[in-house]
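Count along the sequence shown starting at 1, add 3, and that's the number in my numbering.
Certain hints may be false.
[Said to hold, decoys possible] Within a straight-line C-alpha distance of at most 27 Å, the following computed DSSO-like cross-link-like pairs (lysine-lysine) qualify:
| id | residue 1 | residue 2 |
| --- | --- | --- |
| 1 | Lys113 | Lys242 |
| 2 | Lys218 | Lys242 |
| 3 | Lys113 | Lys218 |
| 4 | Lys213 | Lys242 |
| 5 | Lys144 | Lys51 |
| 6 | Lys153 | Lys71 |
| 7 | Lys113 | Lys57 |
| 8 | Lys192 | Lys162 |
| 9 | Lys113 | Lys162 |
| 10 | Lys242 | Lys153 |
| 11 | Lys192 | Lys168 |
| 12 | Lys162 | Lys213 |
| 13 | Lys218 | Lys162 |
| 14 | Lys213 | Lys144 |
| 15 | Lys46 | Lys144 |
| 16 | Lys213 | Lys71 |
| 17 | Lys218 | Lys192 |
| 18 | Lys213 | Lys113 |
| 19 | Lys113 | Lys144 |
| 20 | Lys192 | Lys213 |
| 21 | Lys144 | Lys162 |
| 22 | Lys218 | Lys153 |
| 23 | Lys153 | Lys57 |
Hints were generated in silico from the structure; no laboratory data involved.
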Amino acid sequence: MRPFKFPRLLLSGLILLSSLFIAQAHAAIVINGTRVIYPSDQKEVSVKLDNTGKVPLLVQSWIDGSDKHSGPDTSTAPFVLTPPIARVNAGQGQTLRVRLTGQQMLPQDKESLFWLNVLEVPPSAEDGQNKLSIAFRSRIKLFYRPAGLKEDVAQAAHKIQWRLKSSAGGWALEGVNTTPYFLTLNSLKVGDASAELNLANSMFAPGERKTLPLKGSYSPSGSSRIEGGVINDFGGTSKFELPISL
Numbered sequence: 004m005r006p007f008k009f010p011r012l013l014l015s016g017l018i019l020l021s022s023l024f025i026a027q028a029h030a031a032i033v034i035n036g037t038r039v040i041y042p043s044d045q046k047e048v049s050v051k052l053d054n055t056g057k058v059p060l061l062v063q064s065w066i067d068g069s070d071k072h073s074g075p076d077t078s079t080a081p082f083v084l085t086p087p088i089a090r091v092n093a094g095q096g097q098t099l100r101v102r103l104t105g106q107q108m109l110p111q112d113k114e115s116l117f118w119l120n121v122l123e124v125p126p127s128a129e130d131g132q133n134k135l136s137i138a139f140r141s142r143i144k145l146f147y148r149p150a151g152l153k154e155d156v157a158q159a160a161h162k163i164q165w166r167l168k169s170s171a172g173g174w175a176l177e178g179v180n181t182t183p184y185f186l187t188l189n190s191l192k193v194g195d196a197s198a199e200l201n202l203a204n205s206m207f208a209p210g211e212r213k214t215l216p217l218k219g220s221y222s223p224s225g226s227s228r229i230e231g232g233v234i235n236d237f238g239g240t241s242k243f244e245l246p247i248s249l
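Sequences are here, hints too, so could you generate the full structure?
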């Protein structure tokens, strides 16, 4: 029997709906964790899903690279995820197993970033009743981590090189990620001024340089200290504090 696949047009519509209605309701399928770490020396990793709702749900899962509009039939990510489609009863869970299929395609001197997608589809209305059914898609980061990386990931935030920059618009912090790891900031400040972080600028890829504008009052002095936090492998915050010179 051939495996079931959502038609591409239907899948695109479901993904669009999941974006449109995210502010009005909440997904019932919860992914345990905010990120997945895939060490290259492991055969597979598992991800747990829980149905916190009151009805059974059909769940389709896939992994993509960086295109949030891609679906399971267009993704070229070198992973196999099983089961790709599952029915999850109310109050029950489902374990997804992720297996790498193309290690030779990926760099071994730095992490690679992918995204795990989980699309939940509610059951159809019974007895011909008119009912709005909303499909939700959850999306979390999956980091492929080569086993040969020797730097301590727990200390990676201390390896970002920072400097203050002045411009007509005010002061900014320029940072360079000198580590082989992806680092996601959730706070950053120098003195009483904090960096303007958002989804687009808070993650530093390996080797990436970014400039983050500062908001709030800041008076330059001979030296200052920068304080911040990065999201660690467990989804928590690891704090760091570093000296910074003008």
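- prompt: Are there hints from earlier that the structure breaks, and if so, what are their numbers?
  reply: 3, 6, 7, 22, 23
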